[in-house]
Amino acid sequence: MSSRAPLLWSVAGLLAAVALPWYALQEGLDSGAWLTGLWSSEDYASGLAQIIQHGRWWLAPVLAALAACLAICLVPTSRERCGAWLMIASAAGLALFVAQGLAIGLRGWSADWLVAAFGELAGRQIGTGAGAALVMIALLALLSIGLALRGAFGGDAFVAGAITTVAASILLFTAWPILRILVQAFQDGDGVFRPALLLERLAAEKIWSVRCLVGGGRCGVAWNTLILAVCCAAGTTALGLAFALIATRTGFHFKRTLRVLTVLPIVTPPFVIGLALILVFGRAGLVNQFLDWSMGVASTRWIYGFQGVLLAQLFAFTPVAFLVLIGVVEGVSPTLEEASQTLRADRWATFTTVSLPLMRPGLANAFLVGFIESIADFGNPIVLGGDYGVLSTEIYFAVVGAQLDYGRAAALGLLLLAFALGAFFVQRRVVGQGSYATISGKGDSGLPTPLPDAARRAALWVAVPWAVFTFLLYGFAFVGGLVKVWGRDYTPTLDHYTKAFAIERTADGLIWSGAAWNSFWTTVKLAAIAAPLTAALGLIAAWILVRQRFVGRATLEFATMLSFAVPGTVIGVAYVFAFNVPPIEITGTAMIIVLCFVFRNMPVGVRAGMAAMSQIDRSLDEASATLRGRAPQTLVYVVLPLLRPAIVGALVYGFVRAVTTVSAVVFLVTAEYELATTYIILRVINGDYGIAIAYSCALIVLMLAVILLIQFVVGERRLGRRIAPPLGGRA
Amino acid sequence: MKTVWLGAAIGAFAFASPASAQGVVNVYCSVQVEWCTLIANEFQKASGVKVSISQKGSGETIAQLKAEAQNPKGDVWFGGTGDPHLQAAEENLTEVYKSPKLSELHPWAIKQNTDSAGKTVGIYAGALGFGLNTELLAKKNVKAPACWVDLLKPEFKGEIQMANPNSSGTAYVAIATLVQLMGEEKAFDFLKKMHANINAYTRSGTAPMKAVARGETMVSISFVHDGVTEALAGFPVKTATPCEGTGYEIGSMSIVKGARNLANAKKFYDWALTPEAQKLEAQAKQFQVPSNKATPVPPEAPKFADMKLIDYDQAKYGKSSERKRLIARWDAEVGGLPKP
Amino acid sequence: MSVEFQNVVKRYGTAAAVAGISFTVESGTLVTLLGPSGCGKTTTLRMIAGLELASEGRILIAGRDVTSLGATQRDVSMVFQSYALFPHMSVLENVCYGLRRSGLARDEATKGAREGLATVGLAGYDERQPSELSGGQQQRVAVARALVLKPSVMLFDEPLSNLDARLRRQMREEIRELQQRLGLTVVYVTHDQQEAMAVSDRIIVMNAGRIEQQGSPRDLYERPATPFLARFMGESNPARGSVRRLDREQIVVRLSDSEVVVADSAAVDGEATVAVRPEAITVEVAPGPAGALPGTIAKASYLGTHMEYSIDTAAGALFATCPRVERPLKAGDEVALVLASRGVIVVQDQAT
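Protein chains in written order, with my numbering: chain A, 1 to 731; chain B, 1001 to 1340; chain C, 2001 to 2352.
No wet-lab data here; the hints were simulated from the structure.
It cannot be assumed that every hint is accurate.
To be verified - Listed below are the simulated BS3-like cross-link pairs for lysine-lysine, each with C-alpha atoms no more than 30 Å apart in a straight line:
id: 1; chain 1: B; residue 1: K1140; chain 2: A; residue 2: K484
id: 2; chain 1: A; residue 1: K499; chain 2: B; residue 2: K1192
id: 3; chain 1: A; residue 1: K206; chain 2: B; residue 2: K1186
id: 4; chain 1: A; residue 1: K206; chain 2: B; residue 2: K1238
id: 5; chain 1: A; residue 1: K525; chain 2: A; residue 2: K499
id: 6; chain 1: A; residue 1: K206; chain 2: B; residue 2: K1192
id: 7; chain 1: B; residue 1: K1257; chain 2: A; residue 2: K484
id: 8; chain 1: B; residue 1: K1140; chain 2: A; residue 2: K499
id: 9; chain 1: A; residue 1: K206; chain 2: B; residue 2: K1319
id: 10; chain 1: B; residue 1: K1045; chain 2: A; residue 2: K206
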């Protein structure tokens, strides 16, 4: 590999520079029209032809660097020296590539100071096409091979390649767009850079007012967001703990049902819980109508505002807390609890002094997840918030509302990011340095201590009604799709479904005449493309973060988490800003939607992968390496088979989130690539709750089917139990 | 490793293929989805030009136009309240075009064109008024409000909903109307007093009418044609226009600056101003007043003739500076008041 | 020469885990890296394996410079402390793994793997899962898996630390027997000096990232170069004493009032640190022979095969073992200690 690979990549890169159009084509590559114009047509010309025939001299250094790489490969020299030269040549090529891409745009020089320095430029350039993309990929590959030859990354070209790929793609599709939009926080309407503006924007009274405490009035959105997030995090953690305790520490009979309950909200499109709550608790909802009818209690509007949003978020995010906590609750070693009991502690004392403190990292983690989910939530506050504004909705309306103030949106986005990071550090603080690892290789022969009666009763009293109510809520939502108009006309009907999903049989065959089919198939197609990419990138990133040591590892880890903390709307606008103009011009294509899905949902894949990976003893990888298994083979034969549950998780999550994401893609969808969620929102905005709910139900069924399919295809880990040797100290 | 990059490369080939530029027009459509679809299909039939339609609210559309300003992807922006169209004109996001059809239009539609120096045109108009839930009125035994001042009556305490002007153009039209009707000081006095009766300032301009339809609130300040749609859907909704006079929105259409398919965009623009195109509105169950004088108006539609309309100064109140000032004042004096 | 280290340094950040070491491992020998935890022995082993790359210096395996090569490209194989058997593969698949990755066809790999399993006495266990085997059997699978690749060097990273005491003795004999029978070159890491002495041709003792001393087990035990080594290789009592040279080969070591003649060619006259092996002290009832060191028993323990005494003397507290168990002494008894010359070692002070 070490000798052939750089040669192949240099040749591939040069071929791409000669035989593929350098710039993006309006009609795409598949038409084939470019084949005849590779030299003569300015639109279709290859990189080489652009330089010689069309006067784009600035591409020449890039191709020269690539040619230099080829020359280096052909000259026999030592491994290290070859690596060093390759590294220098390819890095220079990449730098030149990026520089020309940023400096020369649609109208020649893209910045005034460049014009001032070099004078007007005759040429201009449009978005990067196949030729340019391949040249860049080849340069990246050569760079990583060069690094590996010099002994970096354990001297393994695969590892070097994986790291540069992950780093470059995250830089390009997460860091760059976010940076583009955040710079706006410092700019005024005309794009003039004024750092003081950020302070001005952040100090606004609308954000920080405390008038709800003193003197009446509304509090600032920052306080609203924080209060809501803290309540939501506390509530979901408590409820999640109750469910987890019931599932592991009681003889509760409906554990399977509990499992279903945890999956449901995850596959639920946004708005559904909010809509169902309105159907039940709204002023025209069942509860109010019943109270009005039976006792003459005047209907109230309490559901709109803080209470309603909190309720919806508790329903939506408790399952996530449960999933975080169940592993932790199961992980508390029974031996420790038994030890406590032999030390004269009764069950209650054991629970409060041993079990609960041992769960502290899990509780802190669940709290963090609840907090972040709450501050990033957009669907529930917009449906139920009334005039209770939070940062995510404020950002949305700063962009789409009458204000149209990107700077303010960016400043608020920065604030949101700060909250998320703050929560992250507080969590680190709480968990602290203490060791909580209770899963050891020594077989835990003890039995889990049953819950003390008081705790058991409390947990059941909270959890069971909650579970019942969740099912009721879904039941109502489901029925809502089967009646004419909820709240007015309860005549059962299938109209909503036929309107959305009609299939007509005609002489020409089947016609998919339902209004939803177009968006439905687009969604399925794009989600099906995005899910495996999300899972693959996420797991590879997790693998290098856990298993490889390299400079900048912590930075990369932080960067992978970045897009998770930034609210969807900000990401959406950032993508339009960053990718609407050359060098990367992909707005209006399906590609940008897929990329948005992948990079927005990847963090969860990374987290799941890292958690799973750290349970697999590192010596297994090393054993494979000493047994002649190269890194990719180790990945395929050893790591991936042991990671099956994480793969399933990442695939499912990648698919489900792609189907249910809304705020991030609002700005990216086009008529050609309309998505299910954006279609549903339009229905909700137009008040067609029936069809919106019918569509949502269909999506839930689809997602459940896909989850089962993924489970079936990827399968279980062949060995349920892993020999977990005790981790010996390493000299 | 190779496979990963190969995958990326194949991905790049498979998707980096924007739509064909031949015989296409890209329309950003800010009216209701059925209307958008009808327009796309009918224009395609009439002209043979393929229409690619993307439905978005007017706020989202102008956000997108601004983000795409350097490299526009849309050709025509069809529909949506006039203010954002005027704002787009002001920010130089749209193109000047004088359609040969201009002469066939109502004066308010032409005025929109002249106010914007030719950058936008009116395609329909809708008056501001009240949405009323008849069942709630009957149950509480309250007389329906007929004038702006009726909204201050104590029986409407907590029963009125309007949108928040920070996010909604509809609410801004309401404020601008009151300012033109009463003078600025008195208008803000009125808004402050009405605050006691408001149960929520919603984020979206159409939400209050939906709330009326579903019995979530008794009265809304909305565009009256939205009420007709709800009534036809079977909800107990009635509309009224205030006796003192009311303002209106002018749904507009603009050509995007730097449109890639300028010729087709103009073709679409001309066609959209004909009666044939404008009668599709009624077909989509929308009841604004169409701008071509010759377009037949359905009987359910609220008639401008039956209302007292003010001479709404689109040029002044459509300006961003004026708009920012009024909204800021509303924020400071009304929006932040304690809830009663 | 199978393995050669030339001034190898391994740094993590600024901390040096291995601070410049050089050594060689001859073909067909078993060399042990011995030292307390944190001394750098496992890092050294992993640098031979290619699991860590050296920060400085050169590493040669079978004469080839492998300094910048990864594990896959080196001709080594390793038995891990945790065995690292792939839990999702059967025993046979585990042993086949390395052969398949080296490019052998399935049939050949299976044949080689069966032979390897037979060598370690596990014929017929092909289809078992690793989790169904006992600790000793897992260990043997791990050895077979490394063995079948016929590497230039085989590495063992504390292979016995997960086994109970009895099995440990048995396995270390098996490993030594296998190594000698097949003429393998082995580098072996342990922190247990008994284990090291039992299996090794040569021992390299490491401390704080440096090589403290290397040599045969006998050399190291009988002639430890430093107080650390004297302490680490077997038990010893540190004491202060004085040295007087008799001739080129012999010195007199004086501890308090007691003197003993010791074979030593290096020590110089004057004060010195002396290590006294517990088995070199004969405990007699006081007053004992002339020149004996008087003392009082502080603690006595009965251990079946021998007695252990802690004795307070003028030269400090000494620890002694005594094979006579039939008439044990008890705490408080006055005793006289006779020192045998073979167990008294003058160790150079590190300062000199």
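Note to self: Just to be careful, I want the Cα atoms of K206 (chain A) and K1238 (chain B) compared with a cutoff of 30 Å; is the pair within it?
What the structure shows: violated, 36 Å
Check: CA of K525 (chain A) to CA of K499 (chain A), is that 30 Å or under?
Finding: holds, 22 Å
Note to self: Hinted pair, alpha-carbon criterion (30 Å max): K206 (chain A), K1319 (chain B). Please report holds or violated.
What the structure shows: holds, 24 Å
Margin query: Just to be careful, I want the Cα atoms of K499 (chain A) and K1192 (chain B) compared with a cutoff of 30 Å; is the pair within it?
Written below: violated, 45 Å
Note to self: Just to be careful, I want the Cα atoms of K1140 (chain B) and K484 (chain A) compared with a cutoff of 30 Å; is the pair within it?
What the structure shows: Since the Cα atoms of K1140 (chain B) and K484 (chain A) sit roughly 27 Å apart, the hinted pair holds (cutoff 30 Å).
Notebook entry, point to check: Straight-line Cα separation of K1045 (chain B) and K206 (chain A) no greater than 30 Å?
Noted result: violated, 51 Å
Notebook entry, point to check: If you draw a straight line from the CA of K1140 (chain B) to the CA of K499 (chain A), is it 30 Å or shorter?
Noted result: Between K1140 (chain B) and K499 (chain A) the Cα gap is close to 37 Å, so the pair fails against 30 Å, i.e. violated.
Notebook entry, point to check: Between K1257 (chain B) and K484 (chain A), is the straight-line Cα distance small enough, at 30 Å or below?
Noted result: violated, 44 Å
Notebook entry, point to check: When you check the alpha-carbon spacing of K206 (chain A) and K1192 (chain B), does it fall within 30 Å?
Noted result: holds, 18 Å
Item checked: Restraint status (C-alpha distance of K206 (chain A) to K1186 (chain B) at most 30 Å) -> holds, 25 Å
This entry does not satisfy hints 2, 4, 7, 8 and 10, going by the numbered hints stated previously.
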